[in-house]
Amino acid sequence: MTGTTDNSEVRTDGGETGIVPPDDETPSWSERKERKQGLARTTYEYFERSRREDQDLRQQSDYIERDVLGFPTWPHEMIRNLALTSFFVGMIIFLAATLPPHIGAPANSGVTPPIILPDWYLYWSFGLLKLGPLNPDLALLGGQKLMADRTFGVLANLVVVGAIAIVPFLNKGSARRPVEQPFWASVGVFGVILSVTLAALSVKNLLPIDAHLTFDLTFLLPFVGAFITYAVLKSMREGYMFELNRRYYRLRPPK
Amino acid sequence: MGLERKDDHDHEAWIEEREFTRLETVYLTVLVWLDKRLRIVDYLEILENLYYKVNMQMPKSHTEQYGLDNKFWYWYPLYALGSFSTIAYIVAAISGALLGFYYAPAATGASGDPSIAYESITMIMTDLNFGFMLRSIHRWSAQVMVAAVFLHMLRVYFTGAYKEPRELNWLIGIVLISLTLLFGYTGYLLPWDQLAFWAGQIGVEMSLSIPLIGEWVAQLIFGGFTPNPATLQRMYILHVFFLPFVVTALIAIHIAIVWMQGIAEPH
Ligand code: HEM
Chain A
1 MTGTTDNSEV
11 RTDGGETGIV
21 PPDDETPSWS
31 ERKERKQGLA
41 RTTYEYFERS
51 RREDQDLRQQ
61 SDYIERDVLG
71 FPTWPHEMIR
81 NLALTSFFVG
91 MIIFLAATLP
101 PHIGAPANSG
111 VTPPIILPDW
121 YLYWSFGLLK
131 LGPLNPDLAL
141 LGGQKLMADR
151 TFGVLANLVV
161 VGAIAIVPFL
171 NKGSARRPVE
181 QPFWASVGVF
191 GVILSVTLAA
201 LSVKNLLPID
211 AHLTFDLTFL
221 LPFVGAFITY
231 AVLKSMREGY
241 MFELNRRYYR
251 LRPPK
Chain B
1 MGLERKDDHD
11 HEAWIEEREF
21 TRLETVYLTV
31 LVWLDKRLRI
41 VDYLEILENL
51 YYKVNMQMPK
61 SHTEQYGLDN
71 KFWYWYPLYA
81 LGSFSTIAYI
91 VAAISGALLG
101 FYYAPAATGA
111 SGDPSIAYES
121 ITMIMTDLNF
131 GFMLRSIHRW
141 SAQVMVAAVF
151 LHMLRVYFTG
161 AYKEPRELNW
171 LIGIVLISLT
181 LLFGYTGYLL
191 PWDQLAFWAG
201 QIGVEMSLSI
211 PLIGEWVAQL
221 IFGGFTPNPA
231 TLQRMYILHV
241 FFLPFVVTAL
251 IAIHIAIVWM
261 QGIAEPH
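Same order as they appear, the protein sequences are chains A and B. First residue of the first sequence? That's 1 in this note's numbering, and the numbers climb one at a time after it. First residue of the second sequence? That's 1 in this note's numbering, and the numbers climb one at a time after it.
Source of the hints: derived by calculation from the structure; they are not laboratory data. C-beta: ideal position from N, C-alpha, C; glycine also. Possibly wrong hints are sitting among the right ones.
[Said to hold, decoys possible] The list that follows gives simulated cross-link-like pairs (lysine-lysine, DSS-like), each with its CA atoms no further than 30 angstroms apart:
#1 A:Lys172 - A:Lys130
#2 B:Lys36 - A:Lys172
#3 A:Lys145 - A:Lys130
#4 A:Lys145 - A:Lys234
#5 A:Lys130 - A:Lys204
#6 B:Lys36 - A:Lys234
[Unchecked claim] Label pairs and their in silico Cβ distance ranges:
#7 A:Ser235 - B:Tyr76: 24 to 30 angstroms
#8 B:Ala249 - A:Leu82: 18 to 24 angstroms
#9 B:Glu24 - A:Ala165: 53 to 59 angstroms
#10 A:Glu53 - B:Leu28: 20 to 26 angstroms
#11 A:Thr42 - B:Ala230: 38 to 44 angstroms
#12 A:Ala165 - B:Glu119: 56 to 62 angstroms
[Said to hold, decoys possible] One-sided and incomplete, this derived list gives chain A residues near chain B with beta-carbon spacing under 10 angstroms:
#13 Ile92
#14 Glu180
#15 Pro182
#16 Met236
#17 Arg237
#18 Gly239
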């Protein structure tokens with residue numbers, strides 16, 4: 001902001017107001033705070049604290065000041081994205097011109113087609129609807145199922161989406177690369193393979209594989225993939241982390 | 001202050017006196033005219049402030065600072081997937097708006113007769129100049145968008161970009177991917193061919209299977225317990241009215257957050 005450069009003391013109370021040219025009557029941020037009560041006051045107090053924190057961090061660090069740890073979106077990211085845009089749109093048009101969609105027979109409630117499928121991107125969800133055999137039946141209820149198979153399928157969808165949603169609250173910390181956290185990388189690979197095998201399950205009558213085998217493979221393959229990922233990353237990890245840490249700590253020795 | 005202007009404030013005289021080029025004169029006249037009425041200079045000042053806060057205080061990145069970039073460069077092209085989703089969405093929006101000029105959702109009933117919706121699609125494909133291509137572009141941009149969104153999510157996952165402070169964007173992303181799939185599903189029903197009808201049937205059954213409120217949900221979203229003209233009407237409104245507003249707003253928020261936070265770095 002203006003007017004702070006010649007002061008040695010940096011103001012962290014929001015400085016002067018932006019729009020109206022300040023005169024003696026214009027209240028500063030802390031003065032405004034004094035006049036407030038309750039929530040408004042707490043808000044001002046918090047603002048002041050966080051400004052102070054920023055300022056302290058800036059003064060402590062020996063590199064150029066920054067508020068956020070990330071690549072600037074502009075221009076760092078956008079330049080590349082804009083450069084790729086025309087290729088990307090070209091690809092869509094090319095696909096559209098070479099592989100145009102066709103339209104089937106008109107809707108007819110009297111004739112059930114032999115194959116009913118949604119678009120490919122919903123196959124995984126459709127596969128989850130076919131998990132009937134996993135639906136637990138309780139001995140107490142005399143072998144009755146706790147819920148209908150299709151309720152179970154819908155629930156499975158919700159569970160999958162919910163599981164993805166809570167990932168950031170389970171896996172914290174600053175590690176970013178798969179090698180740094182082989183476990184989470186293998187969870188990811190598990191998910192990717194599961195979505196593919198579920199998709200295969202949903203079109204099982206089109207696959208030249210025995211239906212029971214498909215069902216078993218659906219759950220076996222993800223574990224296999226996850227295990228391999230874990231093993232590979234775990235063994236890569238040692239050497240990789242050594243290199244990374246060496247360069248990192250040489251520049252920024254641990255306190 | 002009197003009614004008479006002081007010379008200092010006579011902007012028109014100033015413009016004349018300075019002998020600007022034609023372009024500059026026009027520009028300044030418009031600017032002065034607008035500023036007198038709307039005080040836009042205040043807002044320009046706010047914007048400028050914002051610009052410097054957003055762009056200028058963002059210094060050398062951590063990765064550049066520590067020379068870590070050669071450790072992950074092969075991930076880097078994948079960082080374009082989020083914009084690819086956005087671009088595909090825009091292409092779909094434009095081609096969809098054009099398709100909307102010719103498409104009508106009315107079905108004549110579930111009795112098995114071909115419906116108006118179906119016929120308007122065949123009309124677009126066979127009679128309309130460029131219509132087949134238009135439908136093809138719309139279809140493909142939708143498919144590509146879904147693919148890009150899936151892959152974008154994977155790249156965010158495998159680069160650990162969802163961690164603090166970006167959890168909120170991950171959650172918004174979950175909502176976005178669900179809505180994208182819903183977009184696809186509602187669009188899939190619009191041609192009202194056999195596949196659409198029976199995909200609708202599955203949707204109805206899925207909502208019916210929700211405990212307690214199942215029937216109510218089926219009524220609300222599908223307008224009945226079997227696919228019928230009301231279903232088509234509802235899918236149409238969801239597809240061309242409801243979802244576009246919601247998804248566009250959410251994408252804007254999603255990207256605004258990325259803009260404020262910067263792209264996550266690998267360390
Ligand atoms: C309509 C769908 C979506 C659009 C248009 C979209 C758009 C974007 C864009 C343009 C970025 C900037 C970085 C990049 O391009 O990679 C971004 C970042 C991000 N997106 Fe999405 N996204 C969508 C869906 C999702 C989904 C499904 C998720 C995850 C569940 C997600 C989570 C994130 C996160 C956490 C970031 C920040 C990543 C970082 O800072 O490196 N987004 N999104």
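Hints, verified against the model:
1. A:Lys172 - A:Lys130: violated, 34 angstroms
2. B:Lys36 - A:Lys172: Between Lys36 (chain B) and Lys172 (chain A) the Cα gap is close to 53 angstroms, so the pair fails against 30 angstroms, i.e. violated.
3. A:Lys145 - A:Lys130: holds, 15 angstroms
4. A:Lys145 - A:Lys234: Outside the cut-off at roughly 42 angstroms; violated.
5. A:Lys130 - A:Lys204: Holds, because 10 angstroms separates the two Cα atoms, which is no more than 30 angstroms.
6. B:Lys36 - A:Lys234: violated, 67 angstroms
7. A:Ser235 - B:Tyr76: 24 to 30 angstroms: holds, 25 angstroms
8. B:Ala249 - A:Leu82: 18 to 24 angstroms: Given about 23 angstroms between the Cβ atoms, the range holds.
9. B:Glu24 - A:Ala165: 53 to 59 angstroms: With a Cβ separation near 54 angstroms, Glu24 (chain B) and Ala165 (chain A) satisfy 53 to 59 angstroms, so the hint holds.
10. A:Glu53 - B:Leu28: 20 to 26 angstroms: Because 43 angstroms falls outside the window, the suggested range is violated.
11. A:Thr42 - B:Ala230: 38 to 44 angstroms: Violated - the Cβ-Cβ distance for Thr42 (chain A) and Ala230 (chain B), about 51 angstroms, lies outside 38 to 44 angstroms.
12. A:Ala165 - B:Glu119: 56 to 62 angstroms: violated, 42 angstroms
13. Ile92: Result: holds, 5 angstroms to nearest chain B Cβ.
14. Glu180: This interface hint holds because 8 angstroms falls under the 10 angstroms limit.
15. Pro182: Violated - the Cβ of Pro182 (chain A) stays beyond 10 angstroms from chain B, reaching only about 12 angstroms at its closest.
16. Met236: At 12 angstroms from the nearest chain B Cβ, Met236 (chain A) fails the 10 angstroms test, so the hint is violated.
17. Arg237: violated, 13 angstroms
18. Gly239: violated, 13 angstroms
Hint violations for this structure: numbers 1, 2, 4, 6, 10, 11, 12, 15, 16, 17 and 18, all remaining hints satisfied.
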